[in-house]
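Protein chains: 4
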Amino acid sequence: MQVAMIGLGRMGANMAQRLQRGGHAVVGYDPSPGAREGLAGMGIGTADSLEALVAALAVPRALWMMVPAGEPVEATIAALQPLLSAGDVLVDGGNSNYLDSQRRAAALQALGIGYLDVGTSGGVWGLAEGYSLMVGGDVEAAARLSPLFEALAPTPTTGWAHVGPSGAGHYAKMIHNGIEYGMMQAYAEGFAILERRQDLIPDLAGLAELWRHGSVVRSWLLDLTAGALKDNPGLEGIAPWVPDSGEGRWTVAEAIALDVPAPVITQSLIERLRSRQDNAYADRLLAAMRGASGGHGVKRG
Amino acid sequence: MQVAMIGLGRMGANMAQRLQRGGHAVVGYDPSPGAREGLAGMGIGTADSLEALVAALAVPRALWMMVPAGEPVEATIAALQPLLSAGDVLVDGGNSNYLDSQRRAAALQALGIGYLDVGTSGGVWGLAEGYSLMVGGDVEAAARLSPLFEALAPTPTTGWAHVGPSGAGHYAKMIHNGIEYGMMQAYAEGFAILERRQDLIPDLAGLAELWRHGSVVRSWLLDLTAGALKDNPGLEGIAPWVPDSGEGRWTVAEAIALDVPAPVITQSLIERLRSRQDNAYADRLLAAMRGASGGHGVKRG
Amino acid sequence: MQVAMIGLGRMGANMAQRLQRGGHAVVGYDPSPGAREGLAGMGIGTADSLEALVAALAVPRALWMMVPAGEPVEATIAALQPLLSAGDVLVDGGNSNYLDSQRRAAALQALGIGYLDVGTSGGVWGLAEGYSLMVGGDVEAAARLSPLFEALAPTPTTGWAHVGPSGAGHYAKMIHNGIEYGMMQAYAEGFAILERRQDLIPDLAGLAELWRHGSVVRSWLLDLTAGALKDNPGLEGIAPWVPDSGEGRWTVAEAIALDVPAPVITQSLIERLRSRQDNAYADRLLAAMRGASGGHGVKRG
Amino acid sequence: MQVAMIGLGRMGANMAQRLQRGGHAVVGYDPSPGAREGLAGMGIGTADSLEALVAALAVPRALWMMVPAGEPVEATIAALQPLLSAGDVLVDGGNSNYLDSQRRAAALQALGIGYLDVGTSGGVWGLAEGYSLMVGGDVEAAARLSPLFEALAPTPTTGWAHVGPSGAGHYAKMIHNGIEYGMMQAYAEGFAILERRQDLIPDLAGLAELWRHGSVVRSWLLDLTAGALKDNPGLEGIAPWVPDSGEGRWTVAEAIALDVPAPVITQSLIERLRSRQDNAYADRLLAAMRGASGGHGVKRG
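If you read the sequences in order, they're chains A, B, C and D. The first sequence begins at 1 in the working numbering and counts up by one. The second sequence begins at 1 in the working numbering and counts up by one. The third sequence begins at 1 in the working numbering and counts up by one. The fourth sequence begins at 1 in the working numbering and counts up by one.
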């Protein structure tokens, strides 16, 4: 079927390709001419403006946004809305907050425009392996776009699902990412211990590779870890500086709001904050307190 | 090749079968007649005593223990040692502390007896899918037993590796299990949040199944989780009571001994302790302190 | 000076008494007749309505709210605002969110009405020992009400301070309470360990009392703890169920928003959530996963 | 009464002075001539060797060690034992592991020599304010040395107590220090949040000072914090590097051994490990995993 892809960054461009390979007619748009040229170079059609993009689609239209969460999504919807017609369906495939998605869906549905929030997992590997798609929103709109989901997913049947009403897709993705934080931190801690005992186990990349086969901790994240360690066992040239995006924070806030203890996901987020501390005030105060209490000298910094 | 399997519990019996299927001649031993009969019923030979077991093997012998860590392993080795000859190789495939394994290897190697500590991962699924084997100890002894490892592993080449000298196998397994604690806790927290929002996402088993395909959090533990949720979405009849074995504790102690922060693995262990608290004193004291400070009433218990 | 006390719960009634004892002319108001009668029984004047209360005060007026945070404060201000005149000063001495206080101060200051957010610490002991007052808002309004602060504080000079502009007082109180959570949890954990070793140290109340004198961990919270343990060493009849109010949650959210790691304050909050879990889904899922992975039986619940 | 002080570091020299001021006849010993001269300069007697020290005391003797835990205590006892007689009492006032103290007490008691493990809290402030003394061991030996405890404690009656049999004193001190870790971390986190909001609350030292008077978080550690912040509000020149001694680690290990959750004390220890990490491998691995998963660039380090 015909579909517009709005936002041709790494994720959007990859998904446009996978859709095109899956037999769909993709028209791409990005405000950056370079991004549009990149897609055109893959033999996929592009439009120079949102107006041209919408005009290029037969009604009822299907449009898919892969745009950064927050203001960019808000602005894209504001620009699109007057161009769309009742019966069109717009997808937000990014990492929006589920409450925003619920609000946007309600506003567009009042105009007869369908709105689906589709949590999308798979990262840069999705082009080759397929994306796990968590679809939230109107069931009929989801059914109408199912050929797109089938093309994007690893297999037509298992890699996507309608998980609930508006917001459910982004909610599921939020929790997915919270779990991911915890898993990543668990691996990172384990390998950090091992890194100190290379007297005993010299080949960390080899151990990671071994665990990929038959062990209880095998996972896709372990596959990545094994690859990263194989390429660069000493992790040289990489700063110990770990960003976090909104979804970890939202998971922590949601857990607290629901009175659900989530200590490990929460601590995983805090570890990322910690990685970005420079000359941490808390640690300096602890050192000062020790000095004042026990007469211990402090290390000068 | 010929091999003795000592300890015919769930793990030992399964491994004996997989070895036999792999073309090896297994003789099993367990102090329990019922366990021996179970193995015999699968067409695998057994011996009624350690003496008979050792006598049934041609030298140089290969013997594999799947016996609970601690005293049972210690006692088994004490009983076996006078029966063995220089050139024999004994494997501890259980979850022993790596320092014990180093001590035992040194004692047996002084008698010319090889000793391998083989961290074994795969659980009850290993019979069908193969086991991930982390082999520690003498390289030549490991090479001699490699046909056994090849039969037990998911594939002859990728599912086992010699990871280092004596102790390395059990050290690797210890860290493996520490990571497993963290991963399990991350999933458990994520689904516990979701369980409160079944208004939004009614089918947790379906979401777990979806994530198995193409998502960043796909893993073997997620496969198990999806299966458990499919069978019993409400987890009814299961007490919120989580045991822990030694390896999580050893991982925590090792991290601290090495000055490596492992907050998530550590907290995962603490959560298991917490699950087994009954009428927790700490919480009662907090309630009492709140009452004394702010005049807040306490809930009577 | 003349002052109105609005809200005659435990905190408000005590503060009204301490102000009256300090030589101020207090008029109290509470929607509950019983609360008003209670204050009147202490020889302190009351008014039957906010209108009567405001009418009883000479301009420029001073009014102090001790009202639950959230809707009650919002409603009280909405009712008071038409009754007040430029030059009056209204105090919120409760545990409001500092962002609400900033908003309210701006709205009232546009009408010429002063608004102070006064973080108030001291609990039920403040009547006898004085309250620690963290004053936020306009410096001149604070200066005008300083006789009230001097009467409420433990000493006229050390127990209160103007800590910053609007919101600063409640911000300081928020962090104060976050710290309190961490301290309480630290004591609770320490005594919970000791409780298991009464073979070695039989008298926990005695140890708490000892630590009050000269030890590094002496504190007012330890004074309370020692008192609670003396009264009820086994903490019998107290449920292990620990409420939390908004300030701990706000501290956690603020730390994350500022990228400041606050693992111990955060975990202290999570422990309170944990204390209120019943048949925790996360723990049941962990038990189910263990069963599925290792064939371990689960405890039936 | 007559007493020997062995170990004239900061703690030992201060305690010798406080004992002498309390009317006791102190003889000090330290292997360092400078330490002995320091004490002699205060008008307190010293001995040049352990032999001379023991010879200077009338039987039955009282001797007090303030010597680093571990090998120094072990060596001191080994040197003293042949010099002592049945009926003498030796005190370990340092931070020994309680299991070591139990072993040492048993060995010495077999020779008729009393041995008391005395957890000593108060730091450098103990000279002026007195020490909190947690006495473990034989009741009669404790009673005989009570004049010493009375002189060292803040008041003769409240600042020391016999808390249990051998090991109980050091056990109590271990838990005391675990609690101290948690309290210090709670304050450090709170002030670290405040440090980012000096737009709102510019004077952290002033706020700490305010909290000392009437607030719920007032404590001796807050007194120290207020002093440290007053001297150096920006904590300039202090490295964010926090040592830990054995007692925090032992508390964590003991909690786990007893199945008691102690998440906050444990995390406080981990934060100290974290403060001493340089170029943390775990954080670099997390950054590498993010890069491999999402195609996110990593910060070069």
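Note that these hints are calculated values from the structure, not bench results. Careful: at least some of the hints might be erroneous.
What the hints assert, rightly or not - Some chain A residues judged to face chain B by a derived CB distance under 10 Å, without partners named: (1) E74; (2) A75; (3) R144; (4) L152; (5) W220; (6) L222.
As the list claims (entries may be wrong) - List time: in silico SDA-like cross-link candidates among lysine to any residue, alpha-carbon distance up to 20 Å: (7) C:K230 to C:R212; (8) D:K230 to A:L273; (9) D:K299 to A:A110; (10) D:K299 to A:L273; (11) A:K299 to A:N279.
Being a predicted model, the structure only gives us computed values, none of them experimental. Backbone N, C-alpha and C fix where the C-beta goes; we use that ideal spot for every residue, glycine too.
Each hint, compared with the structure:
The interface hint given for E74 (chain A) is violated, since its Cβ lies 22 Å from the closest Cβ of chain B, which is over the 10 Å cut-off. For A75 (chain A), the suggested interface contact is broken, since its CB lies about 27 Å from the closest CB of chain B, more than 10 Å. This hint is violated: R144 (chain A) has a C-beta 20 Å from the nearest C-beta of chain B, more than the 10 Å allowed. Given hint, L152 (chain A) at the interface with chain B, holds; its Cβ is 9 Å from that chain's nearest Cβ, closer than 10 Å.
Annotation: W220 (chain A) was flagged as interfacial toward chain B, and the flag holds, the nearest CB pair being 5 Å apart, inside 10 Å. For L222 (chain A), the suggested interface contact is upheld, since its CB lies about 8 Å from the closest CB of chain B, less than 10 Å. Distance restraint check for K230 (chain C) and R212 (chain C): the Cα-Cα separation of roughly 13 Å lies within the 20 Å cut-off, and the hinted pair is therefore satisfied. For the suggested pair K230 (chain D) and L273 (chain A), the alpha carbons sit about 28 Å apart, so the restraint of at most 20 Å is broken.
Only pairs whose Cα atoms come within 20 Å are accepted, and K299 (chain D) paired with A110 (chain A) is rejected, the gap being roughly 45 Å. Between K299 (chain D) and L273 (chain A) the CA atoms are separated by roughly 15 Å; this keeps the pair inside 20 Å, and the hint holds. The straight-line distance between the Cα atoms of K299 (chain A) and N279 (chain A) is roughly 12 Å, inside the 20 Å bound, and the hint therefore holds.
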